[in-house]
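Enquirer: We have chain A already, so just place chain B on it with the hints.
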Amino acid sequence: MNFKVRLGLVILIVLIMFLLHNSFWLWDLDARVPLLFGFMPFAYSYYIGYTILAVLAMRLIIGLAWPDPPGNLFEQSGHKKTTNSRH
Amino acid sequence: MTNAIGIGLLLSYLCILVAIGVYGARVSLKTREDYFLAGRGLGSIAVFMALFASNITAFTIIGHAGFSYETGYGAYGYVIGWSIFITPFTYYLVGYRSWLLGKKYGFATQPQVFGGIFNSKLISLLFLVLLLYYTLPYLVVSIIGGSLAFTTVTEGMVPYWASALVLIGISLVYTLPAGLRGTVWTDVFQGTLFLVVAAFLLSAVARALGGFSEITADIVESNPVMLQRGLSEELAPINWFSYSFVNSIAVVVFPQIYTRILAARSSANLKQVSMYYPIALAVIFGVSTLLGVWGSVAVPGLSGKDADNIVPLLIHQFLTPTWMVLGLVVVLAIVKSSIDSQLLSVAHLVTDDFLPRFKRINSQQAVLWGRLLLVIFAAVAYYIALIRPAAILSIAGFAFSGFSVILPVMIGALYWPRATAQGACAALILPSVALHLWYLGVLPEWTTLGFMPVFPSFVLAILTLVIVSYLTPAPSPEQREKTFGLFGQVFK
Chain A
1 MNFKVRLGLV ILIVLIMFLL HNSFWLWDLD ARVPLLFGFM PFAYSYYIGY
51 TILAVLAMRL IIGLAWPDPP GNLFEQSGHK KTTNSRH
Chain B
1 MTNAIGIGLL LSYLCILVAI GVYGARVSLK TREDYFLAGR GLGSIAVFMA
51 LFASNITAFT IIGHAGFSYE TGYGAYGYVI GWSIFITPFT YYLVGYRSWL
101 LGKKYGFATQ PQVFGGIFNS KLISLLFLVL LLYYTLPYLV VSIIGGSLAF
151 TTVTEGMVPY WASALVLIGI SLVYTLPAGL RGTVWTDVFQ GTLFLVVAAF
201 LLSAVARALG GFSEITADIV ESNPVMLQRG LSEELAPINW FSYSFVNSIA
251 VVVFPQIYTR ILAARSSANL KQVSMYYPIA LAVIFGVSTL LGVWGSVAVP
301 GLSGKDADNI VPLLIHQFLT PTWMVLGLVV VLAIVKSSID SQLLSVAHLV
351 TDDFLPRFKR INSQQAVLWG RLLLVIFAAV AYYIALIRPA AILSIAGFAF
401 SGFSVILPVM IGALYWPRAT AQGACAALIL PSVALHLWYL GVLPEWTTLG
451 FMPVFPSFVL AILTLVIVSY LTPAPSPEQR EKTFGLFGQV FK
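Same order as they appear, the protein sequences are chains A and B.
Letter 28 of the first sequence, counting from 1, is numbered 28 in the numbering used here, and no numbers are missing.
Letter 229 of the second sequence, counting from 1, is numbered 229 in the numbering used here, and no numbers are missing.
This is chain A alone, in the form it adopts within the complex (with noise of 0.2 angstroms):
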């Protein structure tokens, strides 16, 4: 799959992370969904949920759009040359 296709679908789950932080339409359920294990409200709950999804899509985002660099990309490096010229 082309980089860039990789890169809208990285932007698609942005925008469904966000649209799912900022969902609401689910408030009235605060009051409706009984307290998780006995002590957990919705309001809260709702955010562990958030938590597990949230380390999902990085999973899938770095699957999708994090390629490690190639061996051989730093090794005519600049680095040496620019650190010295600051120095």
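Just so you know, the hints here were simulated from the structure itself, not pulled from any lab data.
Given the structure is predicted, the values throughout are model-derived calculations rather than measurements.
Check before you lean on any hint, since a few could be wrong.
As the list claims (entries may be wrong) - 27 angstroms max Cα-Cα, derived DSS-like pairs, lysine-lysine:
#1 B/Lys-30 / A/Lys-4
#2 B/Lys-30 / B/Lys-104
#3 B/Lys-482 / A/Lys-4
Expert: Same frame as chain A, now just chain B:
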């Protein structure tokens, strides 16, 4: 506080910090890159704890608990909900590309990375000025917040001026000799300590209050508003939405966070950090939220600044002296881990990006200058923390927003080859000016359309970057090649 075990624990904690400083100084090379970037050799755990500890301030356990005390469980999602995902995502979005450029060209700070991308000394200077302008008041506020917390936890036995002196003094003990390596090692130690102690603290408070379910049942009966976000004025949807642009996206712009990303050894380290970061944020703020909400049942009737004392009050009311000392250690750990990283980053910025404009500095001299500046900034911050001038405190009030509106330029520089130096300059200056005009009340409130000023400023930054870039000549192919040629070899 006179409990022998507790005092022994406190002394052991301080001895470990001193030992880290001494050992860190022995193994460090006396070079610029080693002192400020730990030789770009930080592994996953070191980067993770360094970012996490620098990200967590006195607000996490003191201010956030106070906010939760007043607003209920909704405070959790409001303050940290979006951060749980977007903060680690920005480590990918901005962090990884910056890390590639840093590794390739030896860049060590934002002024170097973004000045380098645009080949512009003005961009470099603007980044330097804005980062110092927002970081210094934020540093002072961290010291003030931490010192007040320290004084409260010790029941006034350690006065405010001495608390500030202790916090800054201990931070310097390991930062001065060992630089970034010293702060990172203490971050690993302190980060682990405060996650473990905070969890134990929560269960101890829960036990003292009759158990998890019992406390929640009390809240449902006595104050059901704490469970419903829709009933809170503070958490109104427009505030909730606007707050998404305040602290969560600002984190990667903090120089102390950005530098630690550049210090990672490999791409794999950054990936691991980004994947597990949500859990650490959720745990620490989750604990703080529960302590705050539970406090509203255990110690009712507090408001405003008194509510911010809820965690120290819970510790005093329900825990044994040994737990009290552990609570004190957690407060110390949280506050110091942000103060040391902020101090080091401002010293780093001035050493690497300001002094070379006037004087040629070699690698060894840079370490000496860095140490000297650390002491100077520490002394200045201490003095300002004592007199607490209103101007500094008001800048700190919108420092997070100030950092946030820098982000569009950073993203534009790393992703959009058409972005120009002129566009970036305008997009750094205009939104910052607008933000000041809104916060100082010069621009009427209705012009924000009901949002917090950070949101329209953020939109203004994007529009300015795009419009001015299209109105000015495109960057030369050589200039683009330096950045996007490199990215082209990685992102295929």
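Enquirer: Take the hints in turn and mark each one as holding or not.
Expert: Against the structure, the hints come out as follows:
| no. | hint | in the structure |
| --- | --- | --- |
| 1 | B/Lys-30 / A/Lys-4 | violated (43 angstroms) |
| 2 | B/Lys-30 / B/Lys-104 | holds (22 angstroms) |
| 3 | B/Lys-482 / A/Lys-4 | holds (20 angstroms) |
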